[in-house]
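Positions in the sequence shown are counted from 1; adding 11 to them yields our numbering.
None of these hints come from the bench; they were simulated from the model. Glycine included, each C-beta is placed from N, C-alpha and C at the ideal position. Any given hint might turn out to be false.
To be verified - DEER-style ranges, computed between Cβ atoms:
#1 93 / 53: 18 to 26 Å
#2 139 / 46: 16 to 24 Å
#3 43 / 127: 31 to 39 Å
#4 50 / 92: 40 to 48 Å
#5 167 / 86: 16 to 24 Å
#6 29 / 154: 29 to 37 Å
#7 38 / 86: 28 to 36 Å
#8 93 / 117: 19 to 27 Å
#9 108 / 87: 34 to 42 Å
#10 107 / 150: 13 to 21 Å
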Amino acid sequence: MNRMVAVPRLVKVTPDNVRVACGLTVRPDQERFVSPVAWSLAEAYAQPAVAWPRLIVDGDEVVGFLMGFFDIVWDPDRPDGLRSGLWRLNIAAEHQGRGYGRFAVRAVREEARERGHDRVYTTWEPGTDGPERFYLKLGFRPTGETSGGQVVGVRSTH
12 MNRMVAVPRL VKVTPDNVRV ACGLTVRPDQ ERFVSPVAWS LAEAYAQPAV AWPRLIVDGD
72 EVVGFLMGFF DIVWDPDRPD GLRSGLWRLN IAAEHQGRGY GRFAVRAVRE EARERGHDRV
132 YTTWEPGTDG PERFYLKLGF RPTGETSGGQ VVGVRSTH
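Please build the complete structure, drawing on both the sequences and the hints.
This is the structure in structure tokens:
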């Protein structure tokens, strides 16, 4: 398994890097599981109070994109109705298998913990070709809920 070359870091999406961000693509077999970065940025623009879009940069190279969400009203009728977590994760096809996905999940967990949350959520498409194994390996457990046909998973921020 390849490892990261340098310590990755998160960078805000800016006018200087938005074109590179929008050009980031996952493997063709993964395209049905995750929205393109441009779509995620449009959603972030429309929901700036909850969206947290960031580029994953290693050295000078953009290797991925993540979008966290914080304090989304998940279910207004439940006491745990406000949720935070990982909304999107796109690791460039040529950079997969190097730990950037794990880095992204850890970064969202740390940001959520700093904001006072003890749990983070994410969703994934069910099926053998989807990202379920990745999320389960990182400690997410299905809640028994679905969102838009996707499995909802939760894990501790610690």
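Practice prompt. Mind listing which of the numbered hints don't hold for this structure, in increasing order?
Written response: As far as the earlier hints go, only 4 is violated by this structure.
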